[in-house]
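Peer 1: Chain by chain, the residues run as shown.
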Amino acid sequence: MSSVAAQEQRRATAAPARASAASKGPRLSRKHREWLAAGLFLAPDVLGLLVFVAIPMVLSIVLSFFQVSGFGSYEWIGLGNYRRMMDDPLFWDSMKITGLYVVVLVPVLFCVSLALGLLVKQKLPGMGIYRTALFLPYVISLVVVGVLWKFLLDEQTGAVNRAMRAAGFDGESWLGSPSLALGCVIAVMVWVMMGYYMIIFLAGLQEIPKEFYEAAKLDGAGPWTAFRTITWPLLRPTSFFVLLMSTVAAITGGLDLIFVLTNGGPANGTSLAIFYIYQQAFGFGEYGYASAMGSFLVLIMVLISAVIFKFTRGGRFDDGE
Amino acid sequence: MLQHGNDAGHPAHSSGTSRRRFLTAMAGGGAAVAAPALLTGCGSAQAKGGNLQFWNFYGPQRSPDPAINAQSKWFTDMVDRWNATHSTKIDLVYLPQPTYLNGFKLPSAFATGEGPDIFLCSPGDFLRYYNGGVLADLTPHMEKAAVDDFGSTLDSRKVDGKVYALPMEVEPLAMFYAQDVWEKAGLSEADIPTTWDQMLDVGDKLRTKTRAGLVFETNPGYYQNFTWYPWMWQGGGDVLDERGEVAFDSRATRQALALWQDAVHHGIAPRTVPAAGDVIGGFKGGNVALWQQGIWNVSSFKAFAPDFPYGVFRLPVPPGGKYVTALGGWSFCANAQGRNPEAAAEFCVWALGSMKDESIDRMVDWCVGAKSDVAPRDTALERGAAKGGYDSEVMRKFKDEIFPGGRAEPRYPPVVYKAISDAIQGTMLAGRGVDGETERAARSISAYTKSYKGASLV
Chain A
1 MSSVAAQEQR
11 RATAAPARAS
21 AASKGPRLSR
31 KHREWLAAGL
41 FLAPDVLGLL
51 VFVAIPMVLS
61 IVLSFFQVSG
71 FGSYEWIGLG
81 NYRRMMDDPL
91 FWDSMKITGL
101 YVVVLVPVLF
111 CVSLALGLLV
121 KQKLPGMGIY
131 RTALFLPYVI
141 SLVVVGVLWK
151 FLLDEQTGAV
161 NRAMRAAGFD
171 GESWLGSPSL
181 ALGCVIAVMV
191 WVMMGYYMII
201 FLAGLQEIPK
211 EFYEAAKLDG
221 AGPWTAFRTI
231 TWPLLRPTSF
241 FVLLMSTVAA
251 ITGGLDLIFV
261 LTNGGPANGT
271 SLAIFYIYQQ
281 AFGFGEYGYA
291 SAMGSFLVLI
301 MVLISAVIFK
311 FTRGGRFDDG
321 E
Chain B
1 MLQHGNDAGH
11 PAHSSGTSRR
21 RFLTAMAGGG
31 AAVAAPALLT
41 GCGSAQAKGG
51 NLQFWNFYGP
61 QRSPDPAINA
71 QSKWFTDMVD
81 RWNATHSTKI
91 DLVYLPQPTY
101 LNGFKLPSAF
111 ATGEGPDIFL
121 CSPGDFLRYY
131 NGGVLADLTP
141 HMEKAAVDDF
151 GSTLDSRKVD
161 GKVYALPMEV
171 EPLAMFYAQD
181 VWEKAGLSEA
191 DIPTTWDQML
201 DVGDKLRTKT
211 RAGLVFETNP
221 GYYQNFTWYP
231 WMWQGGGDVL
241 DERGEVAFDS
251 RATRQALALW
261 QDAVHHGIAP
271 RTVPAAGDVI
281 GGFKGGNVAL
291 WQQGIWNVSS
301 FKAFAPDFPY
311 GVFRLPVPPG
321 GKYVTALGGW
331 SFCANAQGRN
341 PEAAAEFCVW
351 ALGSMKDESI
361 DRMVDWCVGA
371 KSDVAPRDTA
381 LERGAAKGGY
391 DSEVMRKFKD
401 EIFPGGRAEP
411 RYPPVVYKAI
421 SDAIQGTMLA
431 GRGVDGETER
441 AARSISAYTK
451 SYKGASLV
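Those protein sequences? They're chains A and B, same order as listed. Residue numbers for the first sequence follow the UniProt record's numbering, so the first one is 1 and each next one is one higher. Residue numbers for the second sequence follow the UniProt record's numbering, so the first one is 1 and each next one is one higher.
By construction, these hints were calculated from the structure, which means they are not laboratory data. Honestly, I wouldn't trust all of these hints.
As the list claims (entries may be wrong) - Straight line, CA to CA, 20 Å or less: simulated SDA-like cross-link-like pairs of lysine to any residue: (1) Lys450/B x Val108/A; (2) Lys209/B x Ala166/A; (3) Lys284/B x Thr157/A; (4) Lys209/B x Arg162/A; (5) Lys453/B x Glu75/A; (6) Lys209/B x Gln67/A; (7) Lys105/B x Ser141/A; (8) Lys453/B x Ser69/A; (9) Lys96/A x Val108/A; (10) Lys453/B x Arg84/A; (11) Lys453/B x Phe71/A; (12) Lys322/B x Asp241/B; (13) Lys121/A x Tyr196/A; (14) Lys209/B x Thr157/A; (15) Lys284/B x Phe151/A; (16) Lys162/B x Glu242/B; (17) Lys96/A x Ala430/B; (18) Lys96/A x Arg432/B; (19) Lys450/B x Gln67/A; (20) Lys453/B x Gln67/A; (21) Lys105/B x Ser73/A; (22) Lys450/B x Arg83/A; (23) Lys209/B x Gly281/B; (24) Lys284/B x Val108/A; (25) Lys209/B x Met164/A; (26) Lys209/B x Ala163/A; (27) Lys105/B x Leu142/A; (28) Lys205/B x Gln179/B.
The structure displayed is predicted, hence computed values, not measured ones.
Here chain A stands alone, though its shape is the one from the complex:
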């Protein structure tokens, strides 16, 4: 038999075999295959979230009902840690400071980031350099940022006070005065975070079609009217994202910075709740108590997030908008 004839014979016998195999096992539909692929792609993330976030969160809630020595001994005390929390004036002071910190930081960060986003959207020469420069603080370690600003804000030799003295003013003890230290921490956090949220706003701004602005311009709208009637409404999803993320970041972040810059001082003036919780857990070995405070803080954060969701409708546009 010639080789061509042999090949044809093999094809003829193989085709029914494939058909037979297909009829034996159910072949996944395209939709199912896509679901499977999506599931597999998501699996590492889900697993990571489970192992590093969800399970520790549940364990932390469980831990909050125990008196933990920090050396492996656990004693069930029910709501004891929560009762202690209710009576702990330092915890409530730290919550007040956190509240003030969030109320000031989030709006300031929002406005500065949005302003910078609008600014760097302009097509000007060298804009890439400005964008990079503004984003740069975000990629620097908070410890390095803390050390840097500690020197800049130094009472005797800091650049800020030197500049003030050169301008004829007295220098201030920026980090040593309870009335100024929290403001300084907020200012430094804005400096660090503004580049990140600027990029988020920039992405949102670039999604808005130019045609809208062109049409508005033809109708005689000025920059402010264009911003108010086009930019602001169409930025709603981005604004929601920035608002939510910056609020969560403000409540749970900044620990490294506080450690380096003020260590919670002066006179607990910058002792944010997250710092106080960390101090109780890893400084004093009060893991159960710290877990109770941490769980309470998470609850507060969930409530705040829910409020933000409600008032911004999750960043969605209204029907017909």
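Fit chain B to the known structure of chain A by using the hints.
Peer 2: Same frame as chain A, but now just chain B:
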């Protein structure tokens, strides 16, 4: 979000099938590889057994600072020597000092039963570790002569007469001053203050807009409390009396709090430490006249500013007061729940607490070679002096004038520390009333001591 003519909902053409399969396989493979890695990461960090681990903040490391390199070498030489002569081997594990002091690595390790076999412990942490049951008794490994040789430096490391930590150094506090600033202001040796009022006057005279006249520690923490205690002790005050009763609410406490408050209020002392806490930089830069600091800075001056003219003197005292300074310093401890507590305890004693020459000389090398400290053992102090370790004017003063009036750093637990810290911070930097802060702290300490269960607080 606005969508502009995208093709959402329209899957890519079938030509992408092979790519999708490939990616699917990769995702599945990745998940399969990641899962065990993630899950095993939650298990025991180190299986029991193997070499003992000695966690510390000195070595092995390399640094541009020759003093730090010398300290690292002391640690590595010590462990190498042990490993060469013993069957149980030890590995040094270096943690940067901020991580060791404020990080979560050490507490997390103990909390999960994976604490180091040997570690460094400060008096402020002693009771926490002791009450947690992780400090091994070192006494069975020590000769009585060695215990006697340490003398009172072991007091804060003992419970019921048993030794649970061996100090590697004694670090007294004193006032450091810049001699050039002193002389330019027309002051001489005779003007060295011996009373609080004189100290404030001198600080006031030496201060400028860019120079702090007198520096006290301003950052809240165990260290600030440590530097504040002697001012309270000098007036006869204490946190707890000899029976462990709360004694914080006293005239001596109030005047010590008022001293720091007045110094800040009148602008003599700054609200933050100069040069972001860099002592040598602060002095060299001309930003400090007087700074309450510890003996460890002598080696730092030697390394970074050998020609800088500075001097030290004893902490001044209040009217009717008695000179006292605080003596700090770290200790070697063995983990009673570690891999081999016996070997770990034996190592601590072998390294620092044996009557053998090697052990005593090792301490001498640490205190007058690698660092600048007072040796906690009498024999080591004598040998260090004979070796010339205390010949310099500054070290001689520390050994003969400053150290003899010293009292060991107390071993108060965190709640007591925090109550005192809040009183210091509240009066010094927030300008709160001394009386109110003293009473509040005393109440907090009293409430805590009533429910406290553990080894004696004093």
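Peer 1: Does each hint fit the structure? Answer for all of them.
Peer 2: We went through each hint and held it up to the structure:
no., hint, verdict
1, Lys450/B x Val108/A, "violated, 47 Å"
2, Lys209/B x Ala166/A, "holds, 12 Å"
3, Lys284/B x Thr157/A, "holds, 13 Å"
4, Lys209/B x Arg162/A, "holds, 10 Å"
5, Lys453/B x Glu75/A, "holds, 14 Å"
6, Lys209/B x Gln67/A, "violated, 50 Å"
7, Lys105/B x Ser141/A, "holds, 19 Å"
8, Lys453/B x Ser69/A, "holds, 12 Å"
9, Lys96/A x Val108/A, "holds, 18 Å"
10, Lys453/B x Arg84/A, "holds, 18 Å"
11, Lys453/B x Phe71/A, "holds, 15 Å"
12, Lys322/B x Asp241/B, "holds, 17 Å"
13, Lys121/A x Tyr196/A, "holds, 14 Å"
14, Lys209/B x Thr157/A, "holds, 9 Å"
15, Lys284/B x Phe151/A, "holds, 16 Å"
16, Lys162/B x Glu242/B, "holds, 19 Å"
17, Lys96/A x Ala430/B, "holds, 17 Å"
18, Lys96/A x Arg432/B, "holds, 19 Å"
19, Lys450/B x Gln67/A, "holds, 18 Å"
20, Lys453/B x Gln67/A, "holds, 14 Å"
21, Lys105/B x Ser73/A, "holds, 18 Å"
22, Lys450/B x Arg83/A, "holds, 18 Å"
23, Lys209/B x Gly281/B, "holds, 17 Å"
24, Lys284/B x Val108/A, "violated, 40 Å"
25, Lys209/B x Met164/A, "holds, 12 Å"
26, Lys209/B x Ala163/A, "holds, 13 Å"
27, Lys105/B x Leu142/A, "holds, 19 Å"
28, Lys205/B x Gln179/B, "holds, 14 Å"
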